[in-house]
Amino acid sequence: MGRITLDKVRKAFGDVEVIPPLDLRIEDGEFVVFVGPSGCGKSTLLRLIAGLEDVTDGEIRIDGTDATRLSPSKRGLAMVFQSYALYPHMSVRKNIAFPLKMAGLSQDQIDAKVDGAAKVLNLDSYLDRRPGQLSGGQRQRVAIGRAIVREPSAFLFDEPLSNLDAALRVGMRLEISELHKRLATTMIYVTHDQVEAMTMADKIVVLNAGRIEQVGSPLDLYRAPRNVFVAGFIGSPKMNLITGPEAAKHNAQTIGIRPEHLAVTDGSGTWTGKVGVSEHLGSDTFFHVTVEGFETPLTVRAGGEVSLHYGDTIHLTPDPAQLHRFDAQGLRIA
Amino acid sequence: MARAVTTRRKIAYTALAWIIGLTIFFPILWTILTSFKTEAAAIADPPVFFNFDWTLENYAVVQERSDYMRYLWNSVALAVGSTVFGIIIAVPAAWSMAFVPAKRTKDILMWMLSTKMLPAVGVLYPIRLILIETGLLDSKAALIFILMMINLPIIIWMLYTYFREIPGEILEAARMDGAGLKAEILYVLTPMAIPGIASTVLLNIILAWNEAFWTLTLTTIDAAPLTAFIASYSSPEGLFYAKLSAASTMAIAPILIMGWFSQKQLVRGLTFGAVK
Amino acid sequence: MATQHSRSAARVMMAPAVFLLLVWMLVPLILTLWFSTLDYRPMRGTFDCCEGLGNYTRFVTSSAFLSSVVTTLQLVGGVLLITVIGGILLANLLDQPIWGQGVVRILVIAPFFVMPTVSALVWKNMFMNPVNGLFAHLFKALGLQPIDWLSQAPLFSIILIVSWQWLPFATLILLTAIQSLDSEQMEAAEMDGAGPISRFYHMTLPHLARSITVVVLIQTIFLLSIFAEIYVTTGGAFGTRTLTYLVYQRVIESQNVGLGSAGGIIAVILANIVALVLMRVVGKNLDA
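Chains as they are written, first to last, in our numbering: chain A, 163 to 496; chain B, 1235 to 1510; chain C, 995 to 1282.
Warning: the hint list may mix true and false statements.
[Said to hold, decoys possible] Negatives, chain C to chain A, calculated, CB over 12 angstroms:
| id | residue |
| --- | --- |
| 1 | Gly1048 |
| 2 | Gly1137 |
| 3 | Gln1146 |
| 4 | Leu1149 |
| 5 | Leu1175 |
| 6 | Thr1207 |
[Claimed, not checked] Partial pick of chain C residues on the chain A-facing surface, computed with a CB cut under 10 angstroms:
| id | residue |
| --- | --- |
| 7 | Gln998 |
| 8 | Asn1126 |
| 9 | Arg1193 |
| 10 | Gln1243 |
Bear in mind the hints are in silico, worked out from the structure with no lab data behind them.
Predicted model, so just to flag it, every value in this text is computed and none were measured.
For every residue, glycine included, the Cβ atom is placed at its ideal position computed from N, Cα and C.
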């Protein structure tokens, strides 16, 4: 079981309120991702749930029981840290066994569980090494191994992939998703990378300055961002946000259109601009187009083989069904 | 990457460094050499370096005059005892300061260090009195306590600097893994800090070993360590350089030997953990 | 960065150290403070109350007081000057590529292991003795008149002995600091056309600032309470009486506990002023 409820949880460091009162429900077995720019309070929120920080006000319930004042060791949660936080003086085997030893299991039980976890995580042949002798990806796996042997009611991940190189990150992302499917245990995952959020989450919690901007499934957030912040944060490349007279034409303060919803049209189009830098990714090409009267250039996605050059004039037409409108408060207009 | 250096420059630097190194070491070398000379050879002019009749006689005379082993044992007991108790008290305190820093942590640390600046003479008399009243004058227990107290600020400071190099996340991981405070310190922090603790221990053994104010003023016979052993040679007495050298060599040899075997930790410890 | 649990745990864990140090500091200090207001001369059996501030005025107005403060400052300042400058030069030398660096380093740090009593005795007798000391032999060999170091240049001699003991420490700290200097930074400075001297001045020295403050702090702590070196060599004669030693003489040698205690309290106050100044300067630089 791993149902976690936050009820009006507030966190202040002295006079500085980093998390204003906040409510959140995390259902058993869900993969929840906290995402937001650095300094948005996502890690603090995770640490509050872990018990590594005190909540200033409010209540945290784990499976219905009040855990607000419980010490981290008594909450039945496991955490994977950004730095992995492996015990450098212990072998991999001892690292994984540590929580079991703390729980007072017998040596036989410990051995069986460690071997099981090592098999699942492909660590069998490294069990007698020290963390210092392992690669980043292997260390990551040891950290996960140490978490899973406890059979916690929920896993907490604090930016676990940010120290890995790009290729490994994609692999580990899949492994963690795979693990979630197999264990079906609640996972709370903190990241600043919206790609990780989109690819892994059942439910994304977008945070900004300690406030929850929106909670929803990845596609909900993609399709119907609740406000300008979420619109700009979710999706890659970023949604084009246009203000001024062009937005006023749609009765909005701001309109948004994603690069993939802009079509390059021959002869004429809604907007006309000059091609700036283009980024060829093979499968796709992204053009940065300067349009007269817009504050920022538009990003446009086109097919991989489109050949347009610096300085060319092109015409762009947005897909009207995919046009997002936001009011003066930045909120979505339905 | 090593910078390219001409061999000639390297020779010049090497020569200069060795000359200075040997000059600095010379008084110790001279003391050791003299301890094997006869009293006449010890004051020979011009001085003799190696071409003299080596003799162990001085050591025998010194031993006869005062029982070296008893002083040595007292020195070991005081140095090791004060350091061990100091570490036991300092580890929890340093843990607190390093991992649960509060606004006043630095002030407390500075206050602790400042207690070391209090001139010992200012409080010598009352402490003597207390020891006389409690019958603890010239007892090892009292001196172990006093040496522990004067080195405690240094021990705490050093451990604090070493602990701060340990990422807090690892201790948090231990907490998440179900470790209580005792397990966290015993199984995670202490083993990780072993090199730092070793350096601290070594340095404080040296400081306690060489402490010469309290050990001279508060001991007479029973608890007197090697500082007192050597102090009995402080008034000149005829020809006594060779005997003085033998006694000096006996007093510093244990620490020199310990320093030789634990050079790496010691060098780290000598920087008081303040410089990486 | 911490929870209520860990904060209260931290308080409990700090308690023994803080308590012991408080007791260690306060109990003798209060007793000394009390004695300092008495006419207390145990040898004569005098134990009279209510000298008031008499002991203090007597201590401060005696000619010995001012000269002892000056001597203390000269001793501490002299040793700091020699060890810091010598340490910087020596550390730079040891940082150069040389054969047998490890052995040289051991030779250089060895004096730190030597008991102050031993080093004072060895220097006093075997080096500085005007008849049989090595310096005397050396001077005679050069055709010079041997000098009686400890009576003709007593303070200088003590500074020399103490500097010999503390030079290793300064050298080692500064060497460690120099070795941590980023070599890419140095190479960048070299690419920018900085010569060895301006590199030393603009890169090495600022980099060493923190370590120099550490050296000054720690050495001052130990130097203020220098005792054995003076006790063994001159016994406080010939203008080598530091404040510490003066108090020692009053309390132990002349057994005037009241007067000596007043001196002790003054020494404590002065030491605290020094400590405060140092902590101000160093505390910032230390980020301990």
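Structure-based check of each hint:
{"no.": "1", "hint": "Gly1048", "in the structure": "holds, 51 angstroms"}
{"no.": "2", "hint": "Gly1137", "in the structure": "holds, 64 angstroms"}
{"no.": "3", "hint": "Gln1146", "in the structure": "holds, 58 angstroms"}
{"no.": "4", "hint": "Leu1149", "in the structure": "holds, 51 angstroms"}
{"no.": "5", "hint": "Leu1175", "in the structure": "holds, 26 angstroms"}
{"no.": "6", "hint": "Thr1207", "in the structure": "holds, 30 angstroms"}
{"no.": "7", "hint": "Gln998", "in the structure": "holds, 5 angstroms"}
{"no.": "8", "hint": "Asn1126", "in the structure": "violated, 56 angstroms"}
{"no.": "9", "hint": "Arg1193", "in the structure": "violated, 35 angstroms"}
{"no.": "10", "hint": "Gln1243", "in the structure": "violated, 53 angstroms"}
Going through the hint list in order, the structure does not satisfy hints 8, 9, 10.
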